[in-house]
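Engineer: Work the whole structure out from these sequences, hints included.
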Amino acid sequence: MKSLPKLLQLVLTIALIYVGFIVVFDYVLGQVIPASLLNMYMFFVVAGALAVFTFTEEGARELAAPLKALVEDPGKKSLRNIVFAAVLVAVAVFAYFRAVPSLEAPVELRTIHPAPPSSAKLYGKRYDLLTLENPYRHFEKEDPEQFNELVAEGSAIYIRNCQYCHGDKLDGKGPYAQGLNPVPLNFQDVGTIAQLQESYLFWRIATGGPGLPKEAAPWNSSMPIWQNFLSEEEIWKVILFLYDYTGQRPRSWEE
Amino acid sequence: MTLLLGVGFAGSSVAAPGDTENGEQIYYKRCLACHGEDGDGLGPAAERLNPPPRDFSSGQYKIMSTAFDEMVPQDDDIFRMIAEGMPGTAMPGWSDILSQQEMWDLVAYIKVFAGYDEEEPGPLVDYGTQVASSPESIARGDELFHESDRCSECHGESGKGDAIKGLKDDNGERTWPRNLTKPWTFRGSNSPKDIYARVSAGIPGTQMPSFADPDSTKVLTIEDRWHVANYVESLAAGTERVNPDNTVIKAGRAEGGIPTSWDDPAWGSAPASTFMLVPQIIAKQRHFTPSNDTVTVRAVYDDEQIAILVEWDDRTRSIPGDEKAEKISNPDISEDSVAIQLPIEIPEGMEKPYFGMGDASHPVNIWQWKSGTAETSSSVHLMNGQGFEDIEQREADSIQVAATGAYNNGTWRVVFTRPLVTTETDKDIQFQEGVFIPIAFAAWDGSASEAGSQHTMTTWYWLSLQSSSGSRPFFIALLAALLVAGLLYFWVRSARPQ
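For the record, the sequence lines run as chains Y and U. What the first sequence shows, in the numbering used here, is residues 1 to 255, in sequence order. What the second sequence shows, in the numbering used here, is residues 1001 to 1498, in sequence order.
What the hints contain is simulated information worked out from the structure, not anything from laboratory work.
Pairs of lysine-lysine, DSS-like flavour, derived with a Cα cap of 27 Å:
1. U/K1168 / U/K1324
2. Y/K173 / U/K1284
3. Y/K214 / U/K1284
4. U/K1218 / U/K1327
5. Y/K6 / Y/K76
6. U/K1029 / Y/K173
7. U/K1029 / Y/K141
8. U/K1427 / Y/K214
9. U/K1284 / Y/K125
10. U/K1284 / Y/K121
Structural biologist: Written as C-alpha cells, this is what we have:
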C-alpha cells in the first residue's frame, strides 16, 4: 500500500467499498440494492474516506500533490488536456442523464416481519401476544395421534384457502404468486416461520395485510384478513400444519 | 439401480422401478389434500379448483403419448407431469423438492388406483417423420386448422379459444378450450412435438378429440398433424407477455389529439405493459376459478385529456338476454366488464391507498366499463371507494369519464378517456406530468360466473405521463460542461507561474 500514491489509494478504497456493497447485497443477500440507497451509502463512504485521508496536513498535501503537479507542471500539458477533456465529457453525460426524466418505478422498501404489538384485538377480544400459546401444541408430546389428526385438519384448511398464493409446497410460489407485490412468503425458507413464534403467526394471519404497521406497507399486501373467514381454532390448526409440513420449529421464549 | 434410473429419465421405455410403499408415504404427505385418500380427486380443495384434481381411479390421463384408442399412459408421461406440473392448474411441479426416485415411487403408487400396475402401457403415438417448421408448413397448418372449422370450432378463428360451443368434460365439469396464443397455459408444452401428441391422442376426459382417429370426419394424416402443430406453435409469436420488470405504463404525449377508439393508429407507437390478473380471494364473495390471466395496457395524453387502452382476451362475448351468448355461458350470464383504479390524491411518499378499493383515509377513483345487454348498450360507471364495503356511486358524465369498447376474435379492447383535471379536486384524481401514479385493473368475464366481487384483478402498478423533455436535457448538459470548463480554465490560469 505504502508505495501507491495517496490519490490512487483513495480512489481504490472507495471503488472497493462500492463493489463490496453490490456483491454483498446482490449476491450474498440476494436482493438488488436500490440505487437511492447505494447513493446515500456512497456519500458517507466518500466523505469518511476523505476525512481519514486528509486527517493530517501532510496527508492532505500528499493527496493533492499529483493534482497540483498536473495543473502546474508545464511538462504535463498534453496529459492535462486529456484529463480535463475527459472530466468535461463525464460532467456533460452525467448532467444529461440527470435531466432526462426517470422511467424507473420508485423503489419501495418495506419491513417483512415488523415488530408485533404486545397485545392485539382479535375476534373482538384482547390477546396478550407475549403469553399467547397454540392451544394444540401440547398434543405433540401428549397424544401424537390426536396431534396428527389436527395437522391433517390444518392441511385441509391450508389447501382450501392458502395454496393459491403460498403454494401447495409452501414455497411461496402458488399459482397466483407472480401477480402479487409483495410476493407471498416462502415458509420453507429458514428465515420465515422458523424465526417467529406461533403467537406472532396467529396475529399476522388473523389481521392480514391491512393489520400491518405502516413500515410494512399494508396498502400493498394481498394477505387477506383471515379472522373474517376462519375461526380461531382453524388458524391454530393451520399453524400446526405449516410447521409440520416444512419441518421447522416455532421459536419460543425459552430459547 | 442408479443406471436404470438414468435410463428411465432419459425418456426410454425402460421404466425405473418404483417402490409403491414408499410412494404411498410420499403421497400421503404431499398429494392427499388434492387427489384424495382413494385417489379419487375428492380432496378438500376439489370444489374450489377448476380443473379439479385428477381422479386416478378413473384411469384417465390427460397429457399422454399413448396412441388415441388406448387408455394406459406411458410411465414417462406420468413422471413428467409429476416432475414438471401442469401449468395453468393447481398441479405444481415437484422436481424441486422430491428426488427422481421419490417421483418414480409415486408413479408406481398412483398406477395402482386404476389397476395400471398390472397392465402394459399402450402403444406410443406414431410420430412418423417430423416436419420442420417453415412458412409453407405453417400456412398449410393454418388451412387445416380452419378447414370445415376443424379446430376453430372450439379454439376460435384466431386460436384464442373464443368458442362457438359450450363444452363440458366427461364428469360434467365446465371446460374451456385452450387459448392457443398463450403457451404458458399449456398443460404439456407448445413445442410442435407436444402439440402433435395432443392432436394425435386427444386430451382424454375432455372434448379435445383425437385427429388420428380414422373414424373421425376431420382425421388428419401424420404429415398434416405436423403442419397443424407448427401452425399452433406459431400462434404464440404476437402475444404480449408479462414482463416482471415492466411495472410502468408510459403515457406519451399525443400529437394532434388523443385517440378515442381502439383502432386509432396512434396506439401503434404507445408502448404496451402487460400485467397478471389474479382472482379476487381477499374479500367476500371470493372467486376461485378465474377466467382471464393477463391484461395489456397503453396510454397517451395531450394538453387536455388522457386516454387509456385496456385489452384482454375473453373467450366469450357475454350478452345477457342474447340466446346464442347464453347457450355457451355458465348459468346466470352477466355483462363483461373492466375497471381502472386510481388514487384520488397522487401519493408523494410510499404510502398508497389499500389496493383493494382504497381505505378510509386514502380514497380511490374507479372507472368501470360494462359491455351491455341485448336491450341496453354499453355503460360507464364512476365510483369512489374507501374499502370493499364503502363505495359511493357517482355520475360518470359529471367529470366526463368516457369509454368505448369493441370485441374482436376473442379480445376485448376498451378505451377510457378523461380530462386531465376536474373541478372537484378533492373527489377526483388530477393527472400530472412526470410523477408516478399508482394504477390497478379489474376484469369480469360474465360467461364464466364473474360478477360483483367475483372477478380478476391486478395489484398496484404505475402510470407515468412522460413530459416530452425536448432539448432541455441537452442544454443542461452543455451548460454544466461550460461551467466546469470555466472553473478548470481559471484553476490552470491561477496556478500558472507568473
